[in-house]
Every structure is written in structure tokens, then in C-alpha cells.
Amino acid sequence: MSKILRVNMTDLTATYEDVPEKYRLLGGRGLTSTIVADEVEPTCHPLGPHNKVVFAPGLVSGTAAPNSGRLSVGAKSPLTGGIKESNAGGISSQKIAHLGIKAMVVEGQPREKQLYALRVSKAGAELVPVPEIAGKGMYETNATLWARYGRVAIVGIGLAGERLMTNAGVSTNDMENGPGRYASRGGLGAAMGSKGLKAIAVDDAGVRDVPIKDPEAFRVAAKQLTDALREHPVTSQTLPSYGTAVLINVLSEAGGLPTRNFSSGRFEGAAKTSGEAIAGLVKARGGVGRMGHPCHPGCVIQCSNVVPREDGTLACAPVEYEPDWALGANCGIDSLDDIATMNYLCDDFGVDAVETGVALGVAMEAGLLKFGDGKAAIELLEEVGNGTPLGRIVGQGAAFTARAFGVTRVPVVKGQGMPAYEPRAVKGIGTTYVTLPMGADHTAGYAVATEILSVGGKADPLSPAGKAELSRDFQVATAFLDSTGYCLFISFATLDIPSGFEGMLGTINAMYGTSWTAEDITRIGQEVLRTERRFNELAGFSKGMDRVPEFMKHEPLPPHNTVFDVPDEELDRVLAF
Amino acid sequence: MIRVGVRLYATLRRYGPHLPVGTPWIAEVEDGATLEDLIGRLGLPAGELKLAFVNGRGQEVSSRLRAGDEVGLFPPIAGASGCLGGPGLKAVPLRS
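Chains as they are written, first to last, in our numbering: chain A, 182 to 758; chain B, 337 to 432.
Rough simulated footprint, nothing fancy, chain B against chain A, three-plus residues with beta-carbon under 8 Å: (1) 418-431; (2) 456-464; (3) 632-646.
Just a sample of chain A residues kept apart from chain B, beta carbon distances all over 12 Å, derived: (4) E202; (5) L206; (6) E220; (7) D384; (8) V388; (9) V401; (10) Q483; (11) E491; (12) G548; (13) K556; (14) D746.
Rather than coming from a laboratory, the hints here were simulated on the basis of the structure.
For glycine and all other residues, C-beta sits at the position ideal for the given N, C-alpha and C.
The whole structure should be built from the sequences, with the hints applied where relevant.
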């Protein structure tokens, strides 16, 4: 990777720049957060001309390393008002990396309201007006762009992003040109839409500009990691067989699956919406249905799925744990068909399915529709796509919906809806939700691995003790991993199999000529988090925002009847390094 | 003898009677039996079990069962190192 593509939407230019030395060893989230911190005024309006949207593959993206195709998208978040990085699989990261592009920085704003596509190939980069796909959903957008440009990578926004809804996500297409992979959290689709950028189409034909300093050492390390992924039962059996939704039953058993707007930790309909149920449905219905589906070339785990309708045609690809929970248990909905329908609509409209589910749960709490009414939920979600006034409210996410309807039981942190783990029953992940610079997010410090799944040690999820350290350790390690381009799920293998860990680090060292060890992982992870916290402070954040919503401190959560009681002093220690 | 409710999940389902996922199977065990005893009676190979919840809390195989306990058993959803109670290999020193 040797250059930065700077895209100015005011001047409508796209020019290549050299990579400054200080960015050479950054990638993914480390790079997007550093560029945002360096170039974006923290107090800017996130939908105005001074925000920037940065797209960056990871450090080893574009190589033959297994599971290395993650793309990071970063900006000031229109949802939280703080710094945001969101990452996704799909085919974009590798194609961008093949072109030798370390990051794309999109800045400015068109003088007249107009939608553009950025087309990038070996020949160069150009902005093309695309009025014909204005107002089109992602399925049609992707089909149109493939018909025009061939089998390109597409990073795009749906109607929600065009309408600047703060729940708009950024879609990246998979190998079948489905739009179901999303850099979804934090409203980055609205930031992209505010710049008049509908899609980035990336064609890597004829170019593989991914230099590796020591190819032989790289090959050996990549094989170590691949072997570990093939050896570990989670990455080699459980995930490909049942997908991430295998967690539905686990969390419900453990009493930590947020149900009906976070009013309980166990859902009586959990089994009907679980990974086991999805696998059964795929088997029974056939057609296009599939488990063990890879989201990008080189993925060895292949955890995603293609869920069919009763007639075997596509319902949604994929249905993952988080949307399955958000549109299911959190809404009291136990119909996989209704969940898949809503997930498809989210992917088409371009909204974050998690935030959508939390917003729907709040809407149900407000009495707009009943918990468990899948058909009414689908109709309300259609309004988001149609941009009706009610749809615009729900399309802003859970916090905005709650304020519009006077709901006080609002499961959000820093304005972002909580994902599929209840803080009162899984206190380490709760600690992550509140202290993380990004707002309530599970991937950035997945303490669940230790608290519920016994990975990397054991911890009692119902105890507040030791959760500051646990969350900190995961957040630091993840900030590093988010910068590498590796899928987070390699952690199951790297945390349990020493050669897997060596292989992961070995690929980076072989590629860049570094000699990084575990200490460097900590150093780099801490630096990323420090950068993010500094930005947030300047944006006006204070430690008072590192807290659970009030109701979680007082309202005991069934079935364990616990509250969130990690002390404030502990929370303030988590990222104080 | 005491009765406990057992739910088998994911790849463990083949060791139990054909029940819909999430429906408990009522098993009879001796008074004072442990999870390990129960697993033995069900014919589960030790290496296939990774997570066990009793009344919603994660437990080791040595924990004793009581009448009316609700048990949920999972294969490796995560972790490979031995079965319940085995030491976890810490490949990443998770210390900052």
C-alpha cells in the first residue's frame, strides 16, 4: 500500500498523495481514527462540510493471509457526536488494498445537491454523477453498478444515508454482490450521504500492489494462522455449522439476552430464532439457503449464511446474531421469517439493523405497536424506507425515538443503542459499552468471550469485580486487531492456540519488517484508544457519559435479578492510561 | 433420585431425545450427583462439552445438582482447551 486517495466533494477532485511516514505502520481503525483526529475539527457538525469520512483496509488486507478482508470506515459520528470507526467484511477491503491505496479520505461537500459515485481502478479515480441511482435501495444500486462496471467492490449507502438519517450505515458488497455486509454502527452512512457520495466502485483488475518485505516468512506465518483456525472447534465447526446466531441460546440460558426493550435477560422464543433453528430452516427449505458462507475471499471460518423463504428464494443474506436478536428477542418477535424480512429491509434501506431493533423496541415500549407483533414491525420499518415522518423518527435510532415519545427506559450509551448483551447480567461487556469511545458497542471489547464463553480465562458475568481490567484488556487488544484487517473471529484461535497467535503477529512482521510482540499490541491498542478519547474530549464529551442508563442501576433484571453495579470509580479507571 | 431439566444445544443435540430446540428433557439422577455424573449418563464424550449452565449460571463439571435444576449444555461455542474446568491457554497475555 503506497498512497492515500483524497476525494474533495466540493471541488469534485480525486487525487493521490504520498503516505506520511507517521501513518506507515497504521491501518484499519488505527489509521481512520488517527486521520479523523488529525484532520477533523472535533466540534464540527458531522453532516456539514468539515467532517471527513475515511475508508481504510487493514494492515494485512489484500494479502493471502486468511480472514484478512476487513474494511474500516471512520468519521465524526452523526449518531454519537464523537469519533467513530465501524468495520465490515465483503470484497472491498482487498480490492482497495490491491490498488495500493492505504486510505481514501472523503472531504468537503458538493455545492449543489447532487449524488456521485467514486470510481477507482488501475486507470485512476473519478467522480461520476449518478442521478439514476438516487433514491434506490442497495440491492438495485449494487445490480446497476455491476452491470455498468463489472464485478467491482461497492461501498455504498441506501435511502437512509441519502436522507441523512443518523441510523444510516455503510454497505460493502459480498462475493455475490449482496449488500448485507455493513459498517453499520454510528450513522456513517449519513456522513457519506452528506458528502453526496452514493457509492465507491473499486476495480482491482490488473493490479496487486501489496508489497511484502519477507514473502517466505509471511507464507509460514499465514499457514500457522490458517492451521489454528482449522484446528479450533469454534472456527472450524460451530461457526460454519450454526453461524453467529448460535449465541442466541447461550445468552438466553445465561440470562443475558436483552428481551422486550431490555426488560428481561431471557426470551421464551430464543430457541425458535437461534442458529440451530436457522440451520434447520436452511436444511428443510433448500433453494438458495446455505450455512457456512464466506463473506470475503480467503475466509477460512465461513460463518455467515443465506436464509431462504419457504419457497427457497432469498429471504436475507446473512442473518447474524445481532440483527437476529435486535429484530427478534428485543422486540419479543420469535418468527425467523419476520426477522429475515426486516433484516433484508435494513440491508436495502441502508440502516443499522442493531440500532433499528433497539429503536423498534423503544417504539413498542411507547405503545406504537405491540411487542411480538412482527407484521406491525415490518410495516413500521417500511415507513423508514419510505421516509414518512414516523419513519424519519425511527430512522434516527433508539435515543431519538425515545425522546420523541417520552420513553425513559432507553438502552443507549452516548446516543448509540446497546447490542445483544445485557449489562446487568454480563457486567464486563456492560463496562465496555459505557467506557468505549464509540458508544455502546460489543465488538470493541468483547468481554463476553471470557464471561460467558470461557475464552482467555473465566469470569463471573454477574459479578462487578475485575470488570474494569477485563474490559480494558479486551478494548486494548481489539483496538490493535481492528487495525490489522483481520476478522475479529480469529481471536478464538489466537487466544487459545499459541501458534495461531504467533502466525497472526508473524504475518504483520513479515509484511512490514517490524518485530512486534505482545507488548507492541498493547502499546498500539492504547495509542488508538488515547487518540479516540482525546478527540471525544475536544468534541465535548465528559466522564458523565461513561455511564449506563439510569434504569439499569436500579431495575433488577430477571432471571438473575441483578442491577449494573460496577462502581463509577472503576469505570473511570478503565481507559485512564 | 432427583429430576433435572436438561437442554442440549447445537452439536450436542444428537445425544438427546428428539425434542425441539429449547424444550427440556427431564433426566433422573442420584441425589448429590454432579454435572459430570449427568454427562456420563447422557453418554456425552467429555471433549465435546464446553459450556454448562445450571439455572443460568456457568458451572464446572464438579458442581452438585439439586432437584428441579435447569441445565443447559453447549459444545465449544468458544474455547478448545480441555473440557469444563480445564486450564485455558493464554496465548495473548491480556495485561495492559
